[in-house]
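Peer 1: Protein chains in written order, with the numbering used here: chain A, 1 to 144; chain B, 1001 to 1396.
None of these hints come from the bench; they were simulated from the model. We treat Cβ as the ideally placed atom computed from N, Cα and C, and that holds for glycine. Treat each hint with caution, since some may be false.
Claimed, not checked - If you anchor each label on the Cβ, the simulated ranges turn out as follows:
no.: 1; chain 1: B; residue 1: Glu1281; chain 2: A; residue 2: Thr127; range: 42 to 52 Å
no.: 2; chain 1: B; residue 1: Glu1191; chain 2: A; residue 2: Ser52; range: 55 to 65 Å
no.: 3; chain 1: B; residue 1: Glu1025; chain 2: A; residue 2: Pro87; range: 34 to 44 Å
no.: 4; chain 1: B; residue 1: Val1269; chain 2: A; residue 2: Leu17; range: 19 to 29 Å
no.: 5; chain 1: B; residue 1: Thr1123; chain 2: A; residue 2: Pro58; range: 25 to 35 Å
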Amino acid sequence: MPPPKARIPAVDGWFTLDAKAPQLLGTRCKACGSYFFPKETSFCRNPSCAGSEFEEVPLSTRGKLWSFTDNRYAPPKPYMAGDPFVPYAVAAVELEREKMVVLGQVAGGVGCDQLHAGQEMELVLDTLYEDDANEYLVWKWRPA
Amino acid sequence: MSSKEVAVLGAGMHPWGKWGRNFVEYGVHAARAALADAGLAWTDVQFVAGGDTMRNGYPGYVAAATFAQALGWSGAQVASTYGACATGAQAIDLARARILAGLCDVALVVGADTTPKGFFAPTGGERKTDPDWQRFHLLGATNPIYFGLYARRRMEIYGATPRDFAQVKVKNSRHGFSNPNARYKKLYTIEEVMGSPIVSDPLRLLDICATSDGGAAVVLTSMDFARKRATKPVRIAAVSTVTPRYPNTVIEMPNFATDSAVGVAAPDVPFRDSIARGAYEQAGIGPEDVSLAEVYDLSTALELDWYENIGLCKPGDAEKLLRDGVTTLGGRQPVNTSGGLGCFGEAIPAQAISQLCELTWQLRGQAGERQVKNAKVGVAVNQGLFGHGSAVLAKV
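Work out the full structure, taking the sequences as your base and the hints as a guide.
Peer 2: Structure, rendered in structure tokens:
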């Protein structure tokens, strides 16, 4: 038996690795309260705000489905598509507290026929791709 | 007549296709055609604005000089610009600003592209901090993913149907059928569109625009210069190259998330609505004055969004406008008389310039079988990723 693969994030610092209750990590401007994902850490993008100090904040783990679609064909590199390619859905989810919409793949083979706008979605961690040594994790959405 | 106008004295294109030749060839072909149309020689041109291409090496990044060299170094002033799909409008605006500032009388605007097959992928190299690289790597978010999200949103909130989307393709295929510069000259039926394979649900292959090779050019001049050579030249009354206003609360390529509306409330006018509005305000007219429009139909469903964004109807009424034939040739306000991207495919830096070519021919009454009767005002809109608005308003 080969040793189990290490589970490492496909990108550093964008989400927590808590397998049971993962959270996206954004930043919040200390001056005006605007949220940013991925993180903004240098200057606030609110044109009326001179803020340049941010706190790292976990984003809401649930939201409402704004819209959804899917990939029926393998995206080009740098997407690491499996062979054979398995189609997957992509969701745009509205976070109420942050007043923003965040994209993510839909986990668990849930297809567009099982989705509708307004549906409650929750964040999970799932495999994006793997190589001989590692399994690379990414955030995904799934119906709550 | 407003002093903020410039004339379109010449328009020219290289037909769109998958020719596989160097983009410079298409650009020079289009430039020569535009100069011939204007009755001017290349050596009359004082300023060249080039629309850059990112997929053709260094010559593509310095497009104005590349075209100037191919036309024969003449000592003209040059400037190259890039704004993704809005590149052409930026080049047009560079030339227009030079003319309005009195720095030159005759400017040539050129854009051309040679595109690879299949989905647009980010340009090469591992660029882990580039959002355009990240969206492909972490999400597999191709351009059709974003088009699919917008299309599904129309279905969910307005009750649009895949049949409506197919109807856009059918309409545009009729419009472009007689256009000598169109790549796809085939009349499609609803059944053919709805029978093509799904790419990004609900969008099918025939709902999504292809990527093409092509080139387009216009010769812009001061009004004084034009009046000596043409009795009623087509005029550019406005160019809008606006960015979004913070917070932009609609998900846009290549982003993972929208801006947050927590620190500041979302603006009253969303980004895509603000693009044409900027042009209407400059020109002092409204959408009711528009005789025809060229809109960026990256997908069939997106064309319906544009009807609302440019003020042809209220949000949610686009399907009715389409079904009533208002936007079909012969209707009150035909949209994409050229055939649009559905018949052309996308040749990024050339696209906004080709839209202006179509407006010019329509406003001159030279559009042949696709001519809009008594066309007086045309608007062309477009949007480039990373927040580039593009609207050009032309009058006669």
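Peer 1: Each hint should be assessed against the structure and marked as holding or not.
Peer 2: Now the hints, each set against the structure:
Against the hinted window of 42 to 52 Å, the Cβ-Cβ separation of glutamate 1281 of chain B and threonine 127 of chain A comes to about 50 Å, which satisfies the hint. About 58 Å separates the C-beta atoms of glutamate 1191 of chain B and serine 52 of chain A, a value consistent with the hinted range of 55 to 65 Å. Taken as a hint, the range 34 to 44 Å holds for the pair glutamate 1025 of chain B and proline 87 of chain A, whose Cβ atoms sit roughly 39 Å apart. Against the hinted window of 19 to 29 Å, the Cβ-Cβ separation of valine 1269 of chain B and leucine 17 of chain A comes to about 41 Å, which falls outside the hint.
The hint said 25 to 35 Å for the Cβ distance between threonine 1123 of chain B and proline 58 of chain A, and at roughly 33 Å that hint holds.
The structure fails hint 4 only (numbered hints given earlier).
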